[in-house]
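*Asks:* Sequence:
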Amino acid sequence: MTSMKFTPRRSEERGHADHDWLKTFHTFSFSMYQDQKHELFGPLRVINEDRVAPRTGFGTHSHREFEIFSYIVSGELEHKDSMGNTEILKRGDLQLTSAGTGISHSEKAYGSKQVHFLQIWSLPSTSRLQPKYFTRHFPDSEKENKWAKVVAPAWGEGVAANERDGAGPAPVQSALTLYASLISAGKTLERPLDGKKGYVHVIQKSGYKEGSAEGATVRISNGGEELVLREGDGAYVFVGKKGNVLNMENAGDRVAEVLVFDLE
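Taken in order, the sequence shown gives residues 1 to 264; the numbers are from UniProt numbering.
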């Protein structure tokens, strides 16, 4: 079997901006950060790791075509949009907006604490979709040393593609599946990948840091390939053969929160 190939995306090499109210890292080109080497990976276009100060945030702004999902790490995020949705999102929540022909929304830290979340954008396989809104909840118990499928193609088995607040993964109109896990120290998980490529992101959970990555330590491997990642680090994965298994070991002394994208 052809081995996977890994290319690291180190935390300190990501785009970064500190606007006082917002501290953000960009895995891909975004806003003032532009890097032709990191524009797009399959349908995956944006991974922004954001920390928003209390009672501040992103005012009303517009989107078209992209599908945008927010993965809440800590704190609370208030979402309002032109479809009439108002919601306070908390840890374990995943909110997905399919912008389609166009929506406007705002996102602000709710309450007295900073909100830490990942905002992820993907490109749908069909343009001019009707805008839609979805919320899903995945408690830590569904992620502890196992994989929670939190986003999946709308046409996939077990995906509630028309339910705003349904169970199971949030639906996207692209060949993108997102898994999340909380991996304890010393534990190893396997994640078969069915697409041609994948992306791994280790969430910077232990605290904001601009320089070299610290915190949890994760070792990914397949065949003779191996790569060590710390919090904030990521890795491009070239799968090699459908169904190849990504091995993920927590090689550190603290819980690692990890996202794995399975992509065409």
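Among the hints, a few may not be true.
As the list claims (entries may be wrong) - Heads up, simulated BS3-like pairs for lysine-lysine below, C-alpha to C-alpha not over 25 Å straight-line:
| no. | residue 1 | residue 2 |
| --- | --- | --- |
| 1 | Lys23 | Lys132 |
| 2 | Lys209 | Lys149 |
| 3 | Lys143 | Lys90 |
| 4 | Lys108 | Lys37 |
| 5 | Lys205 | Lys113 |
| 6 | Lys23 | Lys205 |
| 7 | Lys108 | Lys146 |
| 8 | Lys149 | Lys187 |
| 9 | Lys196 | Lys37 |
| 10 | Lys132 | Lys149 |
| 11 | Lys241 | Lys205 |
| 12 | Lys205 | Lys132 |
| 13 | Lys196 | Lys5 |
| 14 | Lys241 | Lys5 |
| 15 | Lys149 | Lys37 |
| 16 | Lys90 | Lys209 |
Read the hints as simulated data drawn from the structure, not as lab findings.
All values reported here derive from a predicted model rather than from experimental measurement.
*Asks:* Under the criterion that the straight-line Cα-Cα distance not exceed 25 Å, is the pair Lys205, Lys113 satisfied?
*Replies:* Given that 25 Å is the threshold and the Cα spacing comes to 15 Å, the pair holds.
*Asks:* Sort out whether Lys149 lies within 25 Å of Lys209, counting only the CA atoms.
*Replies:* 28 Å, violated
*Asks:* For the pair supplied as a hint, Lys149 and Lys37, confirm whether the alpha-carbon distance does not exceed 25 Å.
*Replies:* 28 Å, violated
*Asks:* Holds or violated: Lys132 with Lys149, Cα cutoff 25 Å?
*Replies:* With a Cα-Cα distance of about 20 Å, the restraint between Lys132 and Lys149 holds, given a limit of 25 Å.
*Asks:* Is the Cα-Cα distance between Lys241 and Lys5 25 Å or less?
*Replies:* 11 Å, holds
*Asks:* Next pair to validate is Lys108 with Lys37; report whether the Cα-Cα distance is within 25 Å.
*Replies:* It is violated: about 31 Å lies between the C-alpha atoms, which goes past 25 Å.
*Asks:* Would you check the hint for Lys241 and Lys205, treating anything up to 25 Å between C-alpha atoms as holding?
*Replies:* 32 Å, violated
*Asks:* Are the Cα positions of Lys23 and Lys132 separated by 25 Å at most?
*Replies:* 28 Å, violated
*Asks:* Does Lys90 pair with Lys209 here, judged by a C-alpha cut-off of 25 Å?
*Replies:* 23 Å, holds
*Asks:* Please verify whether Lys143 and Lys90 have alpha carbons no more than 25 Å apart.
*Replies:* This hinted pair holds, its Cα atoms lying about 16 Å apart.
*Asks:* Tell me if the straight-line CA distance from Lys23 to Lys205 falls inside 25 Å.
*Replies:* 14 Å, holds
*Asks:* Given the proposed pairing of Lys205 with Lys132, does the C-alpha separation stay at or below 25 Å?
*Replies:* Violated, at roughly 30 Å.
Checked against the numbered hints listed earlier, the structure breaks hints 1, 2, 4, 7, 11, 12 and 15; every other hint is satisfied.
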